[in-house]
Every structure is written in C-alpha cells, then in structure tokens.
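Chemist: One letter stands for each residue in the lines below.
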Amino acid sequence: MNLGRIAATTVAQLRMMFRRKITLFWSLVFPMILMTLLGLLFGRTIDAGTITVIDAAHTPASTAMVRALSATKGVTIKLDQSEVPRAKKQVTDGDREALLVLRSSGGSNTRAQLYYSNTSATQAGILKGIISGAASRISVAATGSAPAIGYSATSVDSSALDYIDFLLPGILALSIMISAVIGLSTVLVAWRTRGVLRRLKLTPMPLWEFLVSRIAASLALAMLQVVVLIAFGALAFGIHISATAWAAIPIALAGALCFLVMGFTVGSLVSEPETADAVTNVITNPMMFLSGTFIPVSAMPDVVQSIARVLPLYYMANGLRDTIVRNQGLVHVLPDLGVLLAVTGVLAVVSLRTFRWE
Amino acid sequence: MIASGMDAIRVHGLTKRYGEHVAVDGISFEVREGEAFGILGPNGAGKTTTLEMIEGLRRPDAGEVEVLGQPVWPDPRSVQARIGVQLQSTSLFDKLTARELLVLFARFYNLTDGAERSTRALSLVGLESKADSYAGDMSGGQQQRLAIAIALVHDPDVVFLDEPTTGLDPQARHNLWDVIRAINQTAGKTVVLTTHYLEEAEQLCDRVAIMDESRIIALDTPAGLIASLGADVRIAYTEDGQERVAYAPDAQTAVLETLEQARQRGAQIEGLSVRGPSLEDVFLKLTGREFRG
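Read top to bottom, the protein sequences are chains A and B. Sequential numbering of the first sequence, starting at 0, is according to numbering that gives the first Met the number 0. Sequential numbering of the second sequence, starting at 0, is according to numbering that gives the first Met the number 0.
Hint data in this document are derived by calculation from the structure and do not stem from the laboratory. For each residue, glycine too, the CB sits at the ideal point set by N, CA and C. There could be a bad hint or two in this list.
[To be verified] Distance condition first, Cα-Cα at most 30 Å in a straight line; then the derived DSS-like pairs of lysine-lysine:
(1) A:Lys200 <-> B:Lys94
(2) A:Lys87 <-> A:Lys200
(3) A:Lys20 <-> B:Lys94
[What the hints assert, rightly or not] Here are some chain B residues pointing at chain A (derived, C-beta under 8 Å):
(4) Glu54
(5) Phe92
(6) Leu95
(7) Glu99
(8) Asn109
(9) Leu110
(10) Asn174
(11) Val178
[Unchecked claim] Computed Cβ-Cβ distance ranges for the label pairs, DEER-style:
(12) B:Ser138 <-> A:Arg18: 18 to 28 Å
(13) A:Asn1 <-> B:Asp156: 35 to 45 Å
(14) A:Ala230 <-> B:Asp168: 17 to 27 Å
(15) B:Gly135 <-> A:Ala6: 16 to 26 Å
(16) A:Arg308 <-> B:Asp131: 10 to 20 Å
(17) A:Asn1 <-> B:Asp168: 58 to 68 Å
(18) A:Val309 <-> B:Asp168: 53 to 63 Å
(19) A:Arg18 <-> B:Asp177: 37 to 47 Å
(20) A:Arg308 <-> B:Gln69: 50 to 60 Å
(21) A:Phe24 <-> B:Ala61: 44 to 54 Å
(22) A:Ala189 <-> B:Asn42: 22 to 32 Å
(23) A:Trp356 <-> B:Asp177: 52 to 62 Å
Using the sequences plus the hints, can you model the full thing?
Modeler: Printed below as a string of structure tokens:
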C-alpha cells in the first residue's frame with residue numbers, strides 16, 4: 000500500500016469526476032430541481048386533503064388537539080357531535096378525505112377515532128401520522144407521562160413533519176444512490192471496454208489502489224451532496240435542520256459505500272455500457288419508489304412495506320431522516336448503519352468473485 | 000540504431016492456444032538491445048498476442064520469454080517496471096490533460112518528479128503545445144503520441160508499440176514515424192512494434208519478423224528479406240484483364256521481353272509498372288498470397 004500514490008490518484012479521480020458536467024447535474028442540480036418541483040407541487044405541508052374534526056369530548060386534551068390541528072391546512076373544525084353522520088357520508092362520497100372524532104372516554108381521557116376511505120389511503124396514512132404526532136405531543140404537554148389522548152397508530156413515520164422536511168432526506172438518499180450506482184458501474188465498464196484496466200495492469204500500482212481512490216473520490220462527492228442539499232433545503236425552504244444532523248455523515252458514507260459496491264458488482268457482471276445503464280435502472284427505479292423517499296412507507300400497502308424493509312435505500316433514507324430532521328442521534332440510527340454495512344459486505348464478496356480485467 | 004549485440008528480448012517456443020485455435024504457434028526470436036524490431040503480418044496473424052505474452056499481459060501455454068535477462072513468467076511485475084507499452088485499443092481518461100495523465104502515470108511508478116518527466120516525454124513525442132489539452136479533445140494522431148509519451152514517462156529500456164499508426168491519415172502516420180525514430184535513435188530505446196503496413200516496417204525497423212497464420216515465416220533486415228527474392232525489379236501488368244507479377248534481375252531486358260511475348264501472342268498489355276521489390280513481394284513469394292493488411 001502506498002498512501003501518497005492513493006492520495007495523488009484520488010485527486011486525479013476527483014478531477015475526472017467534476018470535469019464531467021453530467022455528474023454534477025445528476026448529483027447536485029437534479030436533486031435540487033426535484034425538491035423544488037415536489038415542494039411547489041405539494042406546498043410546504045403534506046397535502047392531507049380536507050378533513051373534518053369533530054370535538055365531542057371538550058376535554059382540555061381535545062381542545063389542545065383541535066387547536067393543534069386547526070393550524071394544519073385543509074382541516075375543517077366542527078364542535079357538534081350531531082354532525083358525525085353527515086361528516087361520515089362526506090368521507091364515503093369522497094368530498095372529504097377523512098373524519099376525526101374526539102370523544103370523551105371517561106374522566107379527562109379522550110379517544111380519537113379516524114374514519115377514512117380506502118380510496119384515499121395515501122392521505123389517510125399521512126393523516127394517521129399527523130394526528131398521532133399531535134396526540135403524543137399533547138399527551139406529554141398535558142400530563143407529563145399518562146396519555147391524555149389514547150390513540151393507536153401503526154407508525155409515526157411522518158410525525159409532525161412538513162412534507163418538505165420529509166422530502167429532503169429522501170431526495171438526498173436517492174441522489175447519493177443514483178450517483179454511486181450509476182457512476183461506478185458505467186465508469187468500470189468504460190475502463191474495461193476501453194482497455195484502461197489492461198493498461199493499468201502494466202504499471203506497478205495494484206488495481207485495488209486505483210479502485211480505492213475512485214471510491215474515496217465518490218465518497219467525497221457524497222459528502223458534498225450532503226452539505227449542498229441540506230444547505231439548499233435550509234436556505235430555500237427554511238427546513239429546520241436538527242442538531243443531530245452530523246450523524247447523517249456516517250449514514251451517508253455507509254449508504255454511498257453500499258451503493259458504490261452495488262455499482263461495482265453491476266460493472267463486473269455486464270460487458271456493455273448500454274447493459275450497465277439498463278441494469279442500474281432496473282435496480283434503482285423500484286427502490287426509488289418503494290423506499291419511502293417521496294412518500295412515507297407507512298402510507299403504503301402492507302406488501303410494499305415488507306418490500307421496503309429489504310431495500311438498502313429504505314435504511315439510508317430512514318437514517319438520514321432521523322438524523323437530519325427528526326433530531327435523533329447516532330445511537331438511534333445504528334441499526335440502519337448496520338444494515339447498510341452488512342449489505343455492503345455481502346455485495347463486496349459477490350463483486351470480488353465476478354470482477355474481470357477484460 | 001546500431002544494435003549493441005546484447006539481447007533485450009529472448010523468445011523461445013512461445014505458444015498460445017484458444018481452445019482449438021492456435022493463436023501463436025511455437026515462435027522463437029531475439030531482439031537485440033537498441034534495435035528497432037518489427038513484427039509484420041496481416042490481421043489475425045498473432046502479432047498482438049505475441050506482444051502481450053512478452054509484456055506479461057497474457058500467459059503463454061508453452062515456451063519461454065525473457066526480457067532484459069529476466070523471465071517474464073510466472074511473475075511479470077519486475078519486467079513490467081522496466082518496459083513501456085502502448086496498447087492497441089487504449090483511449091485513456093479523456094477528462095485529464097496530457098500533463099496530468101503523465102504525472103499520474105509517473106506516480107503509478109512511485110515517481111514524484113512527474114512534472115519534469117512529463118515535459119521530457121511530451122517534447123519527445125512533439126506534443127508540447129498540447130500539454131494542457133484534455134486527452135479527449137485530441138485528434139487520433141495526438142492521442143497515439145500521448146499514449147507513447149505515457150509509455151515513456153518512467154524511462155523504460157524497452158518500448159512496445161502495438162500497431163501505433165493504425166487508423167491514422169498519412170500525414171499523422173509520417174509524424175509518428177519521426178517520433179518512433181527519435182525514441183529508438185535519439186533516446187536509444189529498444190523498440191518492438193507490430194504493424195500491418197509493409198512500408199512502415201521497411202522504414203522503421205532494423206529487422207523484421209514476418210508473421211502469418213501464427214508462425215514467423217521469415218526474419219531478417221528489410222534489405223536482406225528483399226535480397227532473398229533474388230530479383231532487382233518487380234514488373235506488374237494486366238494481360239487481357241489478368242493481373243500478373245514477375246520478378247527479374249534486369250528491368251530493361253524484362254520489360255522488352257514481356258512486351259515482345261505479348262505481341263507474339265496478340266495479347267493486350269495494360270497498366271505496366273516497374274519498381275524495385277518490397278516486403279510485399281517477400282510475403283507474396285513466401286505465402287503465395289497477396290499481402291492484405
């Protein structure tokens with residue numbers, strides 16, 4: 000091993016990478032465009048549709064809940080219990096996305112009941128998140144420990160997040176994945192078909208040093224994506240970045256490494272640049288939609304949720320979201336980190352077995 | 000360059016098979032130190048495979064190769080540090096400048112004085128003015144010269160050039176010939192090149208091995224190969240639509256005889272040309288086929 004040589008080669012790799020305008024477009028500009036478009040399309044908050052809230056409990060907790068929800072766009076507040084049948088019909092007819100009824104359940108305890116139609120399952124999932132988030136905040140504020148509002152939800156994936164807050168880590172994860180998988184697979188195939196690897200074989204430098212330098216340069220690009228896209232989110236959309244955001248760095252590095260090795264595997268298996276393109280699309284496109292990058296996984300059907308949990312992008316998006324906008328530290332995301340590193344290890348074994356010089 | 004008598008390369012019984020196909024069939028030859036040595040042959044003759052076995056890129060199935068007194072196989076790395084190679088199909092990193100590429104390759108050899116080395120290599124191949132151009136923006140001829148500069152950056156003793164002028168226009172080809180002569184004669188390096196251009200072998204090489212169908216069918220100086228024909232002139236003409244070639248010791252006698260015989264037969268002679276014989280004629284004589292590069 001020769002660190003000076005690896006460093007010099009890494010600098011050359013960075014030059015090659017950044018001089019290719021298309022790399023910068025896909026890794027930095029495109030994610031910004033995507034975030035802006037989705038941000039404009041869905042507004043600053045999640046488009047939960049319009050819902051009716053009926054407070055029949057009139058407890059302190061239900062009053063606090065109603066106040067919390069009244070700040071949310073598209074929410075109509077009704078205070079009369081006799082409105083319930085009519086409001087239910089509106090949900091059935093599709094005029095309203097959902098109906099939330101707050102009832103007293105003895106003493107000062109409150110029960111929240113959500114009625115929704117299966118035709119608007121996505122919004123219902125988002126609503127579940129909003130309401131359970133509001134409920135838990137109110138519970139803690141009201142009594143310290145005992146839940147003032149009983150609410151059971153399957154997941155709190157979108158708890159109290161603006162959509163754009165939710166979106167930023169997802170798009171960051173997505174752009175790191177795309178840069179890594181496509182970047183390394185296409186460049187590896189190009190090096191092989193153009194005889195670069197054969198030429199390098201004639202020099203005293205071992206090939207692994209060359210690959211390490213490329214991976215180092217790609218990891219530097221991933222770090223740049225983290226910094227630039229978080230800064231863009233904070234400046235352009237006023238996203239509140241958690242103090243724990245530094246813990247996104249190990250997640251981003253592990254995620255980038257995982258997808259670089261995935262790109263290396265593809266580049267080892269296929270022979271033509273066009274095939275590499277097709278294979279990486281087949282791998283990345285489903286992952287893009289199934290891993291909770293644009294839409295919370297909890298808002299998806301159960302089958303999709305199970306699929307998401309075997310996709311590495313899910314863990315990277317999750318880890319980035321927890322650390323960047325949900326104020327969770329490194330310890331909380333260690334499982335995500337572990338999954339990403341484990342997948343990296345498995346893929347590394349596969350790719351080393353399939354690597355070819357020519 | 001006058002050969003000093005020491006052998007830079009020794010090849011004995013070198014063989015490479017791909018399944019049933021024998022790509023190189025037990026060839027033997029020596030290249031002397033300081034020599035410009037050519038391997039001439041049509042496409043598919045086994046030239047590149049031969050070169051790759053000497054360079055340590057392809058393991059021979061049989062036979063021995065020594066470069067600069069060291070066996071290439073089983074571990075070609077120590078030999079590879081002392082040779083410079085321009086591969087046939089290499090187009091290198093197109094987003095690096097010529098100078099950056101040379102400094103990088105010098106670094107691959109653990110050489111940190113890449114700046115001076117790149118200047119020397121660029122001037123040797125006549126690319127000083129392109130030092131700061133991206134490799135991808137250069138013409139085919141310039142890219143070939145850059146590939147040769149890269150082969151020279153660690154100051155190797157032996158330089159291998161695999162079909163260095165293939166695909167170049169005549170102007171670029173002649174420029175490259177000057178570069179190759181400079182490497183051999185001015186810089187004093189042993190040069191081994193493959194080519195399917197007869198004229199190139201004649202112009203550049205002290206000795207030429209003619210390869211055909213996986214074997215070496217002749218090896219001598221260009222002049223020696225041509226002298227082996229035992230003829231001073233080559234007469235080519237078309238008689239009643241049939242192309243004919245004849246060799247003769249004396250041009251005047253031969254031309255007069257050819258015309259006289261044709262007149263007696265009442266045949267029509269067209270496109271008569273007379274020139275000194277070349278390597279093409281050597282190939283024709285040895286194989287019975289026209290040389291088709």
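Chemist: Run every hint past the structure and note whether it holds.
Modeler: The hints, checked one at a time:
1. A:Lys200 <-> B:Lys94: 21 Å, holds
2. A:Lys87 <-> A:Lys200: 72 Å, violated
3. A:Lys20 <-> B:Lys94: 11 Å, holds
4. Glu54: 7 Å, holds
5. Phe92: Hint holds; Phe92 (chain B) Cβ to chain A Cβ min 5 Å, cut 8 Å.
6. Leu95: Holds. Min distance 6 Å.
7. Glu99: 7 Å, holds
8. Asn109: 7 Å, holds
9. Leu110: It is violated, given that the least Cβ distance between Leu110 (chain B) and chain A is near 10 Å, above 8 Å.
10. Asn174: 23 Å, violated
11. Val178: The hint is violated - Val178 (chain B) has no Cβ within 8 Å of chain A, the shortest such distance being about 19 Å.
12. B:Ser138 <-> A:Arg18: 18 to 28 Å: 20 Å, holds
13. A:Asn1 <-> B:Asp156: 35 to 45 Å: 23 Å, violated
14. A:Ala230 <-> B:Asp168: 17 to 27 Å: Since Ala230 (chain A) and Asp168 (chain B) have Cβ atoms about 51 Å apart, the given range 17 to 27 Å is violated.
15. B:Gly135 <-> A:Ala6: 16 to 26 Å: 24 Å, holds
16. A:Arg308 <-> B:Asp131: 10 to 20 Å: 52 Å, violated
17. A:Asn1 <-> B:Asp168: 58 to 68 Å: 41 Å, violated
18. A:Val309 <-> B:Asp168: 53 to 63 Å: Holds: the Cβ-Cβ distance is about 57 Å, inside 53 to 63 Å.
19. A:Arg18 <-> B:Asp177: 37 to 47 Å: 32 Å, violated
20. A:Arg308 <-> B:Gln69: 50 to 60 Å: About 57 Å separates the Cβ atoms of Arg308 (chain A) and Gln69 (chain B), which means 50 to 60 Å holds.
21. A:Phe24 <-> B:Ala61: 44 to 54 Å: 53 Å, holds
22. A:Ala189 <-> B:Asn42: 22 to 32 Å: Once the Cβ atoms are compared, 25 Å apart, the range 22 to 32 Å for Asn42 (chain B) and Ala189 (chain A) holds.
23. A:Trp356 <-> B:Asp177: 52 to 62 Å: 34 Å, violated
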